[in-house]
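A.B. asks: Here is how the chains run, residue by residue.
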Amino acid sequence: LAKTTQPISMDSYEGQEVNITCSHNNIATNDYITWYQQFPSQGPRFIIQGYKTKVTNEVASLFIPADRKSSTLSLPRVSLSDTAVYYCLVGGPNNNAGNMLTFGGGTRLMVKP
Amino acid sequence: EADIYQTPRYLVIGTGKKITLECSQTMGHDKMYWYQQDPGMELHLIHYSYGVNSTEKGDLSSESTVSRIRTEHFPLTLESARPSHTSQYLCASSDPSGGESEQFFGPGTRLTVL
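Respectively, the protein sequence lines represent chains Y and U.
Just so we're aligned, residue 1 is where the first sequence starts under this note's numbering, counting upward by one.
Just so we're aligned, residue 114 is where the second sequence starts under this note's numbering, counting upward by one.
Worth double-checking, as some hints may not be accurate.
Computed beta-carbon distance windows for the label pairs [what the hints assert, rightly or not]:
1. I126/U to F39/Y: 19 to 29 Å
2. P7/Y to I182/U: 39 to 49 Å
3. G153/U to S81/Y: 16 to 26 Å
4. T29/Y to T128/U: 24 to 34 Å
5. D11/Y to P121/U: 29 to 39 Å
6. E14/Y to G153/U: 19 to 29 Å
7. E169/U to N30/Y: 39 to 49 Å
8. P113/Y to I182/U: 45 to 55 Å
9. M10/Y to P152/U: 16 to 26 Å
Calculated from the structure, these hints are not laboratory results.
For every residue, glycine included, the Cβ atom is placed at its ideal position computed from N, Cα and C.
Using the sequences and the hints, build the whole thing.
C.D. replies: If you want it as structure tokens, here you go:
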């Protein structure tokens, strides 16, 4: 199972773009990269998923370089409500019983006014 | 509306009591999961299921047990609650096309054992 490394915490201000980078040096060929957002006292919420290059949806963009050993979640013009913990996960679509996803510690993003 | 539900949302109970945390999903997902998360800490997978009559233990040892008699229902039971079981319990299910990478989480049950 590919291990991920991401910063423990980040601070930003409203209106700024925030980029959170995740390292996953041992990513497997069939692994996807998925990001989740978690607010206090709630379950994580799927944000975005990608395999390579760039993926964009209404919430965020995900940049994945050619070697796929890292990925960057980009949140455009953050607001106070984006204050949350962001988790980076890697895993394949057909994980077997011995290869379950691990959420890790995540990155605590604090958006200040 | 397709969703995943957990009840109760909050539970305060005395030591030694038997409790069952309910989790139901209406999305037709085969795969379901239970996570345990202490405040400000990471999520730990404690149980998962690939479908009816399938249950497996996760990477964190837990004294709880689960059952999967129906696709939509994945209850978690503690036979004798202890203060060390105080935590938040999160249930999730995954879309067959997305695999484990796309998990949909319930709101969680915050359990306090006195």
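A.B. asks: Each hint should be assessed against the structure and marked as holding or not.
C.D. replies: These are the hints, each one checked on the structure:
{"no.": "1", "hint": "I126/U to F39/Y: 19 to 29 Å", "in the structure": "holds (26 Å)"}
{"no.": "2", "hint": "P7/Y to I182/U: 39 to 49 Å", "in the structure": "holds (43 Å)"}
{"no.": "3", "hint": "G153/U to S81/Y: 16 to 26 Å", "in the structure": "holds (19 Å)"}
{"no.": "4", "hint": "T29/Y to T128/U: 24 to 34 Å", "in the structure": "violated (49 Å)"}
{"no.": "5", "hint": "D11/Y to P121/U: 29 to 39 Å", "in the structure": "holds (35 Å)"}
{"no.": "6", "hint": "E14/Y to G153/U: 19 to 29 Å", "in the structure": "holds (24 Å)"}
{"no.": "7", "hint": "E169/U to N30/Y: 39 to 49 Å", "in the structure": "violated (21 Å)"}
{"no.": "8", "hint": "P113/Y to I182/U: 45 to 55 Å", "in the structure": "holds (50 Å)"}
{"no.": "9", "hint": "M10/Y to P152/U: 16 to 26 Å", "in the structure": "holds (20 Å)"}
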